[in-house]
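With the sequences and hints as input, model every part of the structure.
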Amino acid sequence: MTDAPAGRPLLDVDGLTVTFPSPEGRLAVVRDFALTMGREKIGIVGESGSGKSITARSILGLVREPGAVTARRLRLDGTDLLALDASGWRALRGRKVGMILQDPKFSLNPVQRIGDQIEETLRLHERTSRSERRARALAMLEAVGIEDPERMYRAYPHELSGGMGQRAMIAAMLVSSPDLLIADEPTSALDVIVREQVLRLLDRLVAERGLGLILISHDLPMVARFCDRILVMYRGRVVETLDARRLSDAAHPYTRGLLACLPSAATRGRLLPTLARDAAWEIAP
Amino acid sequence: MTAQTPGTAPTVAVADLDVFYGEGRKRFHAVRGASLAVAGRETFGLVGGSGSGKSTLLRVLAGLWNSWQGTVTVAGTALTPERAPPRAFHRRVQMVFQDPYASLNPRHTVDRILSDGLELHGFADVDRRIRDGLDQVGLGPRFRFRYPHELSGGQRQRVAIARAVALEPEVLLLDEPTSALDASVQAEILNLLAAIRRERPVTCVFVSHDLAVVAHLCDRIAVMQRGAIVEHLGVEDLVADRVRHAYTRELLAASAGGLAPLADAP
Amino acid sequence: MSATAAPLSAARPEPSSRREARLRQAGIALRRAARNPSTLAGAIVVLLLVLAAVLAPLLATHDPMAQDLSARLSPPGAAHWLGTDQLGRDLYSRLLYGAQPTLLIIALVIALSAPFGVAVGLIAGYFGGWTETVLMRVTDIVMAFPRLILALALVAVLKPGLVNAVIAIAVTAWPPYARLARAETLALRRSEFVEAARGLGMPSRRIITGQILPLCLSSVAIRATLDMAGIILTAAGLGFLGLGAQPPLAEWGAMIAAGRDHIFDAWWVAAVPGLAILIVSLGFNLLGDGLRDVLDPKHHD
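Which chain is which? The protein sequence lines are A, B and C, in order.
With the working numbering applied, the first sequence corresponds to residues 1 to 285, in that order.
With the working numbering applied, the second sequence corresponds to residues 1001 to 1266, in that order.
With the working numbering applied, the third sequence corresponds to residues 2001 to 2301, in that order.
Derived from the structure by calculation, the hints contain no laboratory data.
Every residue gets a Cβ at the ideal spot worked out from N, C-alpha and C, and that includes glycine.
Among the hints, a few may not be true.
Covered by chain B, per the in silico footprint, the following chain C stretches (three or more residues, Cβ under 8 Å) [said to hold, decoys possible]:
# : stretch
1 : 2171-2177
2 : 2187-2198
3 : 2209-2223
Dropping the structure here:
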């Protein structure tokens, strides 16, 4: 699943720049982002404010005014995203790209049953009968490891734990079989054990369905365990691209700093190395 | 490692603690029969998943939750259920909260946030203590008259720590103080906590769901699951893999997963 | 231990006292408010109302009480800019002086009802339990009465007059503040900074006044500004029914009532105070909406 299929890539981004107005003129929060990916697992890692979430939003056409997105190339499975109008974006979202956000408490509609929310994308994008939609929603809930899909189907979001909510969210995003799934900090609101379960589930589903996945997180070791390639972002710019299995080869001082500052039993009684930030990291190499 | 010195009473002692939320039929049993003892100057870790009752237990120790049964002694004060502890108790026992975006009043300057507690407990030379406190947490005087929204997450957590430490407490309760922060900022805050511990004799209870952080900081650990303490262990047991309870194993596998690829994990 | 850069431009000097920090925040809010044209329009209208009330003796061309039966019901013109009423009194001058009772009623009603309502809501929200149940049921009961009807009944009992109108309106005006303050308090009571304040050993009274109240104030200010439009209308309603300010005092509601008899042959007698009420209540509404944009943290990033 690591190499892109011969021919056109799933996602092809070049020169993506996102700016917002500020008193000192337009401020670039993402600068010259480039990524060509097939049906593989890409990790985007960075601290808060690194521009990793805005990058994902711009691929989904979700950057709102007064933000402005420009790019030399922005193509998803052959479709030129730069030429899309509002209805084009709507047709794309859910159908071709799904997005999972940090906290299911905020991304699920609190007054709608889980089953209805999963069927929503099917209603929007496909001509399906009611019974077919229900059958697919239930199958999807089973696929995300819910033991009693019927009960989950009727449940409201507030009745679910964080882990269950995130499973429901994944089900809602995958039910219409998108080609690309973007997960923005999907596990940072969960405790470690549930995080592990959700990650395994994502891993299995992505492999089974042959999806492309962009996993966004501040947790470098977690992303490294999960992805094939890692893009490390710092203040809006990709400072390093890594093979996830060769994390120790990281050359950029920022990446090395992120790895070195992690606590463990081995660092007991010692001070942790902290990042000495260098203004040069913000300038293109 | 700091086993209790015989003869001295533990600084934090909890026996057969049950904690409840709500009333009547909706009453929720958040902590079930928990017992633990933390010696003076020790750093004790309380680990568990969400809903394990670890934060609830910490709130009881802080005197912020009164609906419980059992015996709780903190910094020489025996707490009484259904009754708020005396004001002086709070001078000796301070807490740092999880979310630095929520634990500072958005309408108060850093100066006000720090001076409130100092004035309340009748400290003299409040002005000097605020300046020293800001220096100690690595912020310095220029942050004194800023509002929380003018600070980053790490800076806010430094202010919250300064607020707690300013009262020179005997016991410092830490509720996942780094889980909302980036890794590099987490390292800075953990270093700050280590520096504070070196400077003054303070007993810490550190709550987290991340065994890696707890192993870095703590001497002994209690693991909580669904309101009960399922295992007590020393950090050296953790390192040497002398873990008995299945839930602790699971926690260990998930948090110290380290660099093992997911596919190779059991 | 290096702290990360603050999300602030480093060029500005840091404030060196609480007062300076507060003034700077106020300046930022003021600049944001001034950028919105409708807020500005609302503020100008309200400012004009205040100026009219304060400077009425200087700006008026006639004595507002002086009758001139020979010039009764004269249309707007050079002698009387906005015409005269059925007793030949100058409408322009009466309009200016009429701003005084209007402003007085607004100020007194807000000064009586808002603090009372906020106090009820804060106490109910913070302490919960029986305290909350009792306080909020009383609030609901008062709120269940139609406002003007309750005010009418109260004035009828108390005898008509300006002061009694104020009392009557204040009695009907406080429940929304109680509800608002309770809702805000409920959300804030469980917040970590209130817990942190309790953890410092702060007594409840100080938590309510020092931690929670300041955060309620902006929504109370918004509510009060929007409420002022309603108070003007209620006061005018009472005046119109003869239960507010008593003649010969110039009061906009009473002026409309007097103009009602001549609405077809001398429309200006009713229209002039009517338009004034319309413009002033619109002004307060615009200002209130603008304040919401500036002050309410939920309405901007």
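Now for the hints, and whether the structure bears them out:
no., hint, in the structure
1, 2171-2177, "violated (count 0)"
2, 2187-2198, "holds (count 7)"
3, 2209-2223, "holds (count 4)"
Going down the numbered hints, you'll see the structure goes against just number 1.
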